[in-house]
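Let's have the full structure, built from the sequences with the hints guiding it.
So the protein sequences, as listed, match chains Z and B.
Sequential numbering from 0 applies to the first sequence in numbering that gives the first Met the number 0.
Sequential numbering from 0 applies to the second sequence in numbering that gives the first Met the number 0.
In short, the hints are calculated from the structure, not lab data.
Just to be clear, a hint being listed does not mean it is correct.
[Said to hold, decoys possible] Ranges of calculated distance between the beta carbons of each label pair, as one might list FRET restraints:
| no. | chain 1 | residue 1 | chain 2 | residue 2 | range |
| --- | --- | --- | --- | --- | --- |
| 1 | B | Glu41 | Z | Asn614 | 31 to 41 Å |
| 2 | Z | Gly374 | B | Arg245 | 30 to 40 Å |
| 3 | B | Gly42 | Z | Glu537 | 15 to 25 Å |
[Stated by the list, open to error] Here's a subset of chain B near chain Z, in silico, CB distances under 10 Å, partners left out:
| no. | residue |
| --- | --- |
| 4 | Met30 |
| 5 | Glu34 |
| 6 | Met35 |
| 7 | Pro50 |
| 8 | Cys57 |
| 9 | Ile61 |
| 10 | Gln84 |
| 11 | Leu85 |
| 12 | Leu119 |
| 13 | Arg121 |
| 14 | Ala149 |
| 15 | Asp154 |
| 16 | His183 |
| 17 | Met206 |
| 18 | Asn207 |
Here the structure is a predicted model, which means the values were calculated and not measured.
Where a beta carbon is used, it is the ideal one built from N, C-alpha and C, also for glycine.
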Amino acid sequence: MILNGKCPAGPLAEKWDRHRNEMKLVSPANKRKYNIIVVGTGLAGASAAATLGELGYNVEAFCYQDSPRRGHSIAAQGGINAAKNYPNDGDSIFRLFHDTIKGGDFRAREANIYRLAVLSNNIIDQCVAQGVPFARDYAGYLENRSFGGAQVSRTFYARGQTGQQLLLGAYGALSRQIKEGTVRLHPRTEMLDLVVIDGEAKGITVRDLVTGKFECYAADAVCLCTGGYANVFHLSTNAMGSNVTAAYRAYKKGAFFANPCFTQIHPTCIPVSGEHQSKLTLMSESLRNDGRVWAPKNKGDNRSPNDIPEAERDYFLERKYPAYGNLAPRDIASRAAKEICDEGRGAGSSGYGVYLDFADAIKHLGENKIRERYGNLFEMYEKITGENAYKQPMRIYPAPHYAMGGLWVDYNLQSNVPGLFVLGEANFSDHGANRLGASALMQGLADGYFILPYTISDYLAQTAFGKVNAGHPEFRRSMEDAESFTKKLLSVNGKKTVSEFHRELGRIMWDNVGMERNEGSLKKAMELIPGLRAEFWENVKVPGSGVELNQEMEKAGRVADFLEFGELMARDALHRNESCGGHFRTEYQMPDGEARRDDENFCHVAAWEFKGVDNGPELHKEPLVFENVELAVRNYK
Amino acid sequence: MNLTLFIWRQKGPDKKGRLEQYEAKNISAEMSFLEMLDVVNEGLIKKGDEPVAFDHDCREGICGMCSQVINGVPHGPQEKTTVCQLHMRNFKDGDSIYIEPLRARAFPVIKDLIVDRSALDRVIQSGGYISVHTGGIPDANAILIPKENAETAMDAAECIGCGACVAACPNGSAMLFTAAKVTHLAMLPQGKIEAARRVCVMTDSMMNEGFGNCSNHYECQAVCPKGIKVQFIAKLNREFIKAAIRRRGGF
Ligand SMILES: Cc1cc2nc3c(=O)[nH]c(=O)nc-3n(C[C@H](O)[C@H](O)[C@H](O)COP(=O)(O)OP(=O)(O)OC[C@H]3O[C@@H](n4cnc5c(N)ncnc54)[C@H](O)[C@@H]3O)c2cc1C
Ligand code: SF4
Ligand code: FES
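This is how it looks when you write it as structure tokens:
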């Protein structure tokens, strides 16, 4: 099937306005008759639920943490982009649009990204009005900094805690609606199934994580804002509970999964310290503004970094990409670091690390300025490694970080299943094959505050409210399925723990479907994963029962889904016979090692339709059309 | 290193709990405290026992989900550090470690080390926000904010809502948490408009949720992983008095 992204016609700059004027509205008196489910209360979910509540809809909001304020958006450090051009350094909506589409290696829709760039400015206004304490200069104006993949300063930030402050803003707006009674909150509740009736999304099945009780919720529309799936790699910068479950179960109910192989490996994370490692910690990319990345010139140089003289250091990003230097985009910076380590020039005892050095910046700006900019990151680094980065360079290594892929949605953020909307990192829409820094927060909030509230009304206005209730047989069936899945997990009673399976899957994914892939490694992954999955269902040990708080069972359900999803990722990566952005196939590279795209054959979104766990999924394509930018080879030199 | 752990086990909210002894063997100094507990839990699962339930998510010290009392101190021995950021290099071979849930009247235990902190959410819901609608906002630079005020607001806004301050307080007060939110918003011109109302409804809500009074013990500041200062409590009190004077005149 050829998929249609339903981008409105007309000149790029007019598409969204025109579309807004054409969309249908729900009258104020009718809004409260519509029930909307919002799963997830990170930036995308909290902003959507709050705004829908303000408009007068009846909203049920769900999250697995004990409070909406803990969604993983809270961990975003660096900042959020907007095309305000406050520094007067040549930024514009078009430039933000262009940087984003180029950064994504031309694998995203023009119309979506242009809209995102326009809305970026409204987001900053909104957040300031909510009391987000962005950094300011002495005259009281907002400050900006630069981020990877851009030559202008357009990133707004709140110390190293931008995501936290934005989420607290959205959480405030959400809390206000909870008090107003328009939003009902269900924390410590996990979505386990999407209920589709007559082809439309009409509700969900959840498990109360405290009591273990299964429940069904019916609604007129369902919004998934459940974040990304980088935890398929086991070790990632995501929170321990970040999962693919909500999105994957929707996929199993007919929603297409788009570009699952587009995952981002972040260049600046703290290296692994041992087998016990449970997650990886990001050191914000903003550090690359002032830190210089280097590795020893000589192999096996295990002197302490401060003892390695200037002449024996290789500032490899500055050397290879003089125009962008240390601010080269993430995929490029990550691969460059891996190359160095594979050559045997890595830092630290494991050899898997490069240096991020602040000595020059401290010399120029003084330690205080650096402390003011990144103090909390330096503290965090010291807590984890026991090393003082004011005195010796940080050690960093790439780690899985972000999922560009996600459920397929059209321009209205609606999936191919009518009534199912997908927002934030959970959808695939705006970042193509690589996301630029500080653009995920922007996208999540644009989706939730400014896009969904319009597009969902267009859908609802054409649907009668309350078509089904939770008494419908489809709900009973969904609940029985969820219950029997749980029983099955508990009944295996094997010998290996859930974490052991997760770790093994992670290793398969990192080695074969990670920063570099090729036909051989992908085929290998597609052989190994079903084997591991079969072993899981014969040999996993999940203690306790299903009718109580049972964290191992929650984890087991998520890992079970990763064990299917990993195969889909490998399959998608195998189909895409080109390199682009974060998807680097070693067979397809330029003589200088850069990614070689194949625009003739792969200028499309790959959207997969579930056809059963053991049958391959069916591929649908959405062709990408570029009318306003030239498909060029990305060049950051 | 090898450690002896005494961990609070409690099956459910209405069940009786008690400390049970466990051995943690071959723990590396590089591990985080929670990774050490992961190792203990893996061992328990393999033996067919139930692992210890504890809250955690980001493991980066920012989500506020982790919440344990280690040797009597919420978040443990390292200053300005959440449990998830605490590393085992702070302990030594042969140590005994007591691990308990946050204890406060307003935080009932759900299971083992997991407590219900939804009362903090309800304090925010009572009015811990600026009542702004989405859309129709003037340019972000239309209202300037002195850098010092923005910085103080940010200092207060760093609170992660973990509830350690409540557990450390002999009265189980949520004063530091509430004061942080009141200060964050009152320092900004956008938040000033509702400041009087906000401080009243939030303190009322705090009382209704079963949090105790503040009698200036300052234990809260000592355990706060984000360095939230008791000066903010003074700020709350000032805002409260201002509001009370105004309240007499009607809002
Ligand atoms: C360490 C780190 C630093 C980052 N820094 C930046 C940055 O500086 N700038 C930037 O732009 N981006 C950054 N990002 C990326 C960005 O933070 C995320 O992409 C973005 O916040 C995702 O928001 P979200 O609302 O889509 O999902 P999340 O914030 O992940 O929220 C997911 C929500 O879904 C809920 N949920 C998930 N599964 C279920 C389920 N099955 N049932 C019920 N609820 C469920 C969760 O409870 C949660 O509320 C960073 C990411 C990380 C990990
Ligand atoms: S004030 Fe400190 S201790 Fe209290 S909830 Fe906030 S961060 Fe936690
Ligand atoms: S787990 Fe998030 S703060 Fe500790």
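Verification of the hints:
| no. | hint | result |
| --- | --- | --- |
| 1 | B/Glu41 / Z/Asn614: 31 to 41 Å | 35 Å, holds |
| 2 | Z/Gly374 / B/Arg245: 30 to 40 Å | 38 Å, holds |
| 3 | B/Gly42 / Z/Glu537: 15 to 25 Å | 22 Å, holds |
| 4 | Met30 | 5 Å, holds |
| 5 | Glu34 | 5 Å, holds |
| 6 | Met35 | 8 Å, holds |
| 7 | Pro50 | 6 Å, holds |
| 8 | Cys57 | 5 Å, holds |
| 9 | Ile61 | 5 Å, holds |
| 10 | Gln84 | 5 Å, holds |
| 11 | Leu85 | 8 Å, holds |
| 12 | Leu119 | 7 Å, holds |
| 13 | Arg121 | 9 Å, holds |
| 14 | Ala149 | 5 Å, holds |
| 15 | Asp154 | 9 Å, holds |
| 16 | His183 | 7 Å, holds |
| 17 | Met206 | 17 Å, violated |
| 18 | Asn207 | 14 Å, violated |
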